[in-house]
Amino acid sequence: MVQITVKLFATLRNNRFKVDIREYPEGTTVLQVAEDLEIPEEELAITMVNGILLDVKHVLQDGDTLALFPPVGGG
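Take the position in the sequence shown, starting the count at 1, then add 842; the result is the number in the working numbering.
Just so you know, not all the hints are guaranteed correct.
Subject to a maximum C-alpha distance of 27 Å in a straight line, what follows is the list of computed DSSO-like cross-link-like pairs (lysine-lysine) [as the list claims (entries may be wrong)]: (1) K849 x K860; (2) K899 x K849; (3) K899 x K860.
Pairwise CB distance ranges, derived in the manner of DEER restraints [stated by the list, open to error]: (4) A852 x E877: 15 to 23 Å; (5) R864 x A887: 15 to 23 Å; (6) V901 x I863: 16 to 24 Å; (7) G893 x R855: 13 to 21 Å; (8) R864 x E885: 13 to 21 Å; (9) E865 x V914: 24 to 32 Å; (10) M843 x V914: 32 to 40 Å; (11) V914 x E868: 26 to 34 Å; (12) E868 x P913: 28 to 36 Å.
What the hints contain is simulated information worked out from the structure, not anything from laboratory work. Virtual Cβ for every residue (Gly too), placed ideally from N, Cα, C.
Construct the entire structure; sequences and hints are all you get.
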């Protein structure tokens with residue numbers, strides 16, 4: 843098992859949490875964490891691991907910090 847700090851931003855926090863420490867099996871990807879949190883891939887605009895922009899297929903390591911951001915609209 844790996845321990846991951848998950849940070850959610852903007853609308854992804856709705857009915858969820860801001861920051862949580864969670865455990866996942868080794869080999870878990872960013873996308874699998876999002877799916878576990880019932881966040882569809884199309885709701886992910888930016889995924890960062892330890893402050894680095896990475897793909898949803900990135901495999902997480904013990905101690906990583908994962909930040910998930912939704913698309914942002916403006917006008």
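Inset, instruction - Output the numbers, in ascending order, of every earlier hint that fails for this structure. - result: Violated: none.
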